[in-house]
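Peer 1: Spelled out from the first residue to the last, the chains are:
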Amino acid sequence: MVLPVSRVGVAACGQTVLSPSWRSAQHIELIYDAVRLTLVGTPFTIADVDFVIDCGSDVLDGRSISNCGFLGAMGAHHKEESRVEDDGLFGVFYAWQKILSGHSDVGLVIAYSKPSESDVDMFWATQTEPFFQRPVGLDNVVASALQAQQYLERTGTSHEAFASVAAHDWANAASNPRVDVERAPTEAEIAASAETAPPLTEATISRYVDGAAATLLVSERIARKLRLDPVWILGMGSAMDEHMLGAREPGVLAGCVNAGDSAFRIAQRDRAEVDLVEVSAPSAAGELMALEALGLAADGEGASLFADSGVVVNPSGGALPADPLVATGLIRFDEAALQLFGTAGGVQVDDPRVALVHGSSGVGMQNTCVALLGVD
Amino acid sequence: MPHEVAIIGAGQTHHARRRVDVDQVGLAREAVQRALDDANMTIADIDSVIVATGPVLFAAVNQPEKWLVDAIGAHGKPVMRITSGGGTGFAGAVGAFYQVASGVAEKVLVVAYDKLSEGALQYSISTLYDPFWGRDFAVGIMGFSAAYWRARMDVLGHSEEAAALVSVKNRRNAILNPYAHMKKEVTVEDVLNSKPLAWPIKFLDVPPISDGAAAAIFARGDLAGKVGAPPAFVRGIAYVAEAENGPERRLLQSEPLQLAARQAYRMAGIVNPRREFDVVELQEPYSYFELSYYEGLGLCAPGGAAELVGSGATQMDGDIPVNPSGGCMGANPIGAVGLVRLIEAAWQVTGRAGDHQIDGARSALVQSGGGWANLRGAAVLSA
Numbered sequence: 001m002v003l004p005v006s007r008v009g010v011a012a013c014g015q016t017v018l019s020p021s022w023r024s025a026q027h028i029e030l031i032y033d034a035v036r037l038t039l040v041g042t043p044f045t046i047a048d049v050d051f052v053i054d055c056g057s058d059v060l061d062g063r064s065i066s067n068c069g070f071l072g073a074m075g076a077h078h079k080e081e082s083r084v085e086d087d088g089l090f091g092v093f094y095a096w097q098k099i100l101s102g103h104s105d106v107g108l109v110i111a112y113s114k115p116s117e118s119d120v121d122m123f124w125a126t127q128t129e130p131f132f133q134r135p136v137g138l139d140n141v142v143a144s145a146l147q148a149q150q151y152l153e154r155t156g157t158s159h160e161a162f163a164s165v166a167a168h169d170w171a172n173a174a175s176n177p178r179v180d181v182e183r184a185p186t187e188a189e190i191a192a193s194a195e196t197a198p199p200l201t202e203a204t205i206s207r208y209v210d211g212a213a214a215t216l217l218v219s220e221r222i223a224r225k226l227r228l229d230p231v232w233i234l235g236m237g238s239a240m241d242e243h244m245l246g247a248r249e250p251g252v253l254a255g256c257v258n259a260g261d262s263a264f265r266i267a268q269r270d271r272a273e274v275d276l277v278e279v280s281a282p283s284a285a286g287e288l289m290a291l292e293a294l295g296l297a298a299d300g301e302g303a304s305l306f307a308d309s310g311v312v313v314n315p316s317g318g319a320l321p322a323d324p325l326v327a328t329g330l331i332r333f334d335e336a337a338l339q340l341f342g343t344a345g346g347v348q349v350d351d352p353r354v355a356l357v358h359g360s361s362g363v364g365m366q367n368t369c370v371a372l373l374g375v376d
Numbered sequence: 001m002p003h004e005v006a007i008i009g010a011g012q013t014h015h016a017r018r019r020v021d022v023d024q025v026g027l028a029r030e031a032v033q034r035a036l037d038d039a040n041m042t043i044a045d046i047d048s049v050i051v052a053t054g055p056v057l058f059a060a061v062n063q064p065e066k067w068l069v070d071a072i073g074a075h076g077k078p079v080m081r082i083t084s085g086g087g088t089g090f091a092g093a094v095g096a097f098y099q100v101a102s103g104v105a106e107k108v109l110v111v112a113y114d115k116l117s118e119g120a121l122q123y124s125i126s127t128l129y130d131p132f133w134g135r136d137f138a139v140g141i142m143g144f145s146a147a148y149w150r151a152r153m154d155v156l157g158h159s160e161e162a163a164a165l166v167s168v169k170n171r172r173n174a175i176l177n178p179y180a181h182m183k184k185e186v187t188v189e190d191v192l193n194s195k196p197l198a199w200p201i202k203f204l205d206v207p208p209i210s211d212g213a214a215a216a217i218f219a220r221g222d223l224a225g226k227v228g229a230p231p232a233f234v235r236g237i238a239y240v241a242e243a244e245n246g247p248e249r250r251l252l253q254s255e256p257l258q259l260a261a262r263q264a265y266r267m268a269g270i271v272n273p274r275r276e277f278d279v280v281e282l283q284e285p286y287s288y289f290e291l292s293y294y295e296g297l298g299l300c301a302p303g304g305a306a307e308l309v310g311s312g313a314t315q316m317d318g319d320i321p322v323n324p325s326g327g328c329m330g331a332n333p334i335g336a337v338g339l340v341r342l343i344e345a346a347w348q349v350t351g352r353a354g355d356h357q358i359d360g361a362r363s364a365l366v367q368s369g370g371g372w373a374n375l376r377g378a379a380v381l382s383a
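Protein sequence lines, in the order shown, are assigned to chains A and B.
Per my numbering, the very first residue in the first sequence carries number 1; after that it's consecutive.
Per my numbering, the very first residue in the second sequence carries number 1; after that it's consecutive.
Just chain B, same shape as in the assembly (with noise of 0.2 Å):
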């Protein structure tokens, strides 16, 4: 029988917009150490660590985890590197939760970060196409996500002021946020009237972008309770690829995300996740993408997502809140985000939300994603 696995400490640095007096391994550190003062240990009681980034083209250091191990002390420990685009903080979850399923490893610490004032960010990702067939083409990540959403628009009839209620309610929630630093209220009309910047992308569909880092600590169930914070159990989780390019693919639901929900599902029980999940936190690149996730994670039905949105249900007062912690409106240190989710959602199953705890959660889904639009994952946590 596999080891239960659950988050015992976590931590995350304050957001920012651009981090002028630390390096990246000292932006990491920060992180790391809340994390073990959250479970009241220091990295002599970890076992191994798991170091979590965006691309390395991001910030222009090779393998950074070589350079990491020495402002964390976690030399002479196992310390692995999983990165997977935008979803590697949660990727790097993804293997912390096998190292200790396993047995071979009690507690593991996974820290996941990126300081993307560092680098050129949209030229990075335009390397990911194809040499000969698609970077001629390219003009980073945008442009290609434009595709998906305008085809939502043209199949479902899904509007921009849908996607802009999305925009509105993040970045309202994320004023709530103490790590968040984007917090500024918005309406629907400032969103419709933002410069558009790959239509209909508009200026304000957009998160920011940010230096930031997250780190959290995943232990072997049994330990749970006897040491560190108050436990958030991860009782299903999933990360499934898509190998397909974009011109193949189904644009309107994203198939990686609903065998990645299918294969969470079936590891929790989880049978009527709309009724069964207290909270959402899930991982928005861009506005439009948290309403294809709604129909993804089956919170309503296919194409239902500009009216569940409508509906108000996923506000914070809403039946099924989505984003309480603002999501990647707030902040977006990309490489950390999939872990920033777990946390927020480990914080809100234990009640250690704060401002923006959903009243008696217990039961929280996590989604968060990578890639070129292509790789999916998503967890459910309960105290």
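The following block holds chain A by itself, in its conformation from the complex (with noise of 0.2 Å):
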């Protein structure tokens, strides 16, 4: 692989607050109040973006070429625009990409969902295959408990670490000022919860929320050029897993392992060098299963992570308290951002200078982006 020799950074990244309902706010309002708080603060007007990507659903917005209603609170108008519909890592993917072959300099990656306007079973359920898998009534839930279950056998972890990892992204949801939380339920409370498709319960899967986030990417040459100090990408990947989850490796996330690997390899770095990771999942076995695919964590080893492993896992939160479907992995961009900038608030990390990003979609986690992250 042959990459220039220009890096691509990180400029600024905004989001609105994530919470179960905006009843407020439309779609527009929400898409446009993450734009405007990227570039507040910035050298940046919207004049100086090349070129925008982003990431919805025509499904979950009940809309066709739903971007085509939105164009103008992103501050698309008169500029290349292009809908990634998949997990908003992936419109970093395709911004990161752009600016490294040297045709564009700054770019604005945007992911919004409304899944309390939406109709989420459908969303899930007209993503299975038609023939054989939707007739039986798989979805994302029923498909994540097979998995878990699946891990649960293969590697003898007991079901109660579901209930801890959920118990640590809640608490820290409720130290972000991001995340709209109540009051955390207690690991008491999650292993309690009803159960929804066993072996994962209610509080082990994730909670959707609504929200939108945007993330402003720069070329080196006018990061150096502003005098910036940018999070730089140090490397990505992607892959995507096989559909039919009866081909699948039982238990893992093949997928993933490719990202992930593809990532490192082209940063150059190692797996000891992460100091924090911003995970998806929707749902903790998904968590684990993720933590391990991305080897952070030897296979069946990933609740330990969540002890003092040297590795902060989920310092926003992550997706459990706190799932905006395709925004999901943009939000976790923007959080390890901030964590390395220093500017996360509440749930800051003490200096951390390599962060890895996980976003993931489809039915049982099919398909995954992952980015690292990192500071001069």
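Treat the hints as calculated values from the structure; they're not laboratory data.
Glycine included, every Cβ here is placed at the ideal spot set by N, Cα and C.
Be careful, since some hints might not be right.
Partner residues aside, some chain B positions facing chain A, computed with beta carbon under 10 Å [claimed, not checked]: (1) V56; (2) A71; (3) M80; (4) E189; (5) L192; (6) W199; (7) G269; (8) N272; (9) E276; (10) G370.
Chain A is nowhere near these chain B residues, computed Cβ spacing over 10 Å in every case [what the hints assert, rightly or not]: (11) D37; (12) T83; (13) D154; (14) V240; (15) Q253; (16) R274; (17) N374.
With the hints as a guide, bring the two chains together.
Peer 2: And the structure:
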């Protein structure tokens, strides 16, 4: 792989508060707020932005080519714009390549969703292959539970680990000013929450929230010219697993392994250098599987990362307390960038240098995108 | 310096009104296999895949790339879906261009398709409009498009006959294209006398609705000629959005098309498009849009399109042939069309277009677009 010498930096990021229901704001207002909060305080105006990549879902929005309804709010008028209809981290993946190519200098990535107004069950059910998977009622909760069961069986992990992971994430989210949490449930409450699809319970699967996020990426040339001190994208990778759940390796995220390997190879960094990880998963089991697939813990040892391990997992709270569906990966990216800027507020980690970001999508986390971020 | 990018393999299905023998992913797989065969490759040679389809409401499968991955054996690779309404196939190619230009991937497969026989097309498009202020008035995309034409008739005096000439030309050209499925010659009178759908749009001003897929392999420039089919280099490419709602737009000229063309020409060093291009492939969702694009692309002066088509210059034997493949009038699998236009242009500049080859073509212009007439792209290809 021959990459141009220059790098891509994160100049700024912004997001709305993630809330179970943004009743007072339409999509367009959430998106506009994320963009405005990203640009404010930077030397950039929307006129300086060369291109916009956005991630949303026609099915969630109930609207064909729904990006067309939000182009003004996104600041995309008379700019190159593309919709990646997947998790927000894939939008970063596209924008990173566009700037690395040398053809563009400044790009805005936007992701949003408003599940409080959406038919989320349909969003998942219509993703399944329509002849064999869809008729049996497979959706993301069922797929996540099947994977969780396989994971427990294969690794010998106790299902109590799921409640412990969720309690950790909820406690962090309660300290995060960007997540709307009235009161974090305790580990005992999580363990006692109603069974949704065994072994998963209501509190070990992710809570859907409304929100929008944006991030402003710049070429190294522009960063130097404006004397910015950006967070650098050290490497990225992505890979998709097979669709048919039965064809996948039980309890393993094979695509995630490839995606992580690609990102570390491009970054020429070592897993031991990672100070914090922001991981997206639709369930506590998925979170453990992702951490292991990313190579941060040995197979079956994911839960050990939540004890004093040298890697801080989901300081923002991750996706379990706040999952804005297709925006989740970009929220993870922005939270990791804030940590490296040192502006993460109540959840700031002490002087991190390298952060790993994980985004996933599809039924049973079929698709994965990974970014490695660092500061000079 | 960006890497150069070339198309080194391409394939398309024999498009049809309705394919009942394959499902969506089977249809897409046909095009992928043809593109891989054209490049003498297997899926193992591909670094990354971009899937481009029309709006998912067209076909009732959400994020269909997640299903398609099994049908084309692409699991374990990066797979990303880009969607942009009617310009989707082109927008997918733009994504592939940057994956290669950045050096992140050497060979990227783009697959674009739509199986429009399986969905409620105009109903799905109607959901595009604002749910509070636009949807009550919307009847698909046709009424909206008719306003663009009417504006040109009123202000420029462009007649219904001028647009009919486009339909007659493209339908005649499609007869020579083995992948087209509408192969019937019509006269200007036939077009003018065909049933009005949303005046001035009449039945024969409108392309068919098709099931079809296209696939192309984009590779780093230094690999071109060493692997794959004869390369068609992408010298410039751009895709630009217009945010404004219909009533606030300039209807006479497509501003995003003018911007996209300017950007693509700057990348490619094109200064006189009429003289420098040997052939043009463009996506005409209605006959008269082709006229508007002549102007937006600088093939004639603003307002000069009716005269240009009347002169015969855009016929197969003219000095600037447009849509020798027949364009959308021959086949219109919407999500695939932008990529089909690029593929046809790539075949033209490498002398592989078959019966509708323009002799000695070396440089081609491609246009595509989607959304509600607000997303517009242009690309420059040469051997």
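Peer 1: Each hint needs a verdict: does it hold in this structure or not?
Peer 2: These are the hints, each one checked on the structure:
no.	hint	in the structure
1	V56	holds, 5 Å
2	A71	holds, 9 Å
3	M80	holds, 5 Å
4	E189	violated, 36 Å
5	L192	violated, 32 Å
6	W199	violated, 25 Å
7	G269	violated, 15 Å
8	N272	violated, 23 Å
9	E276	violated, 21 Å
10	G370	holds, 7 Å
11	D37	holds, 23 Å
12	T83	violated, 5 Å
13	D154	holds, 26 Å
14	V240	violated, 6 Å
15	Q253	holds, 13 Å
16	R274	holds, 25 Å
17	N374	violated, 6 Å
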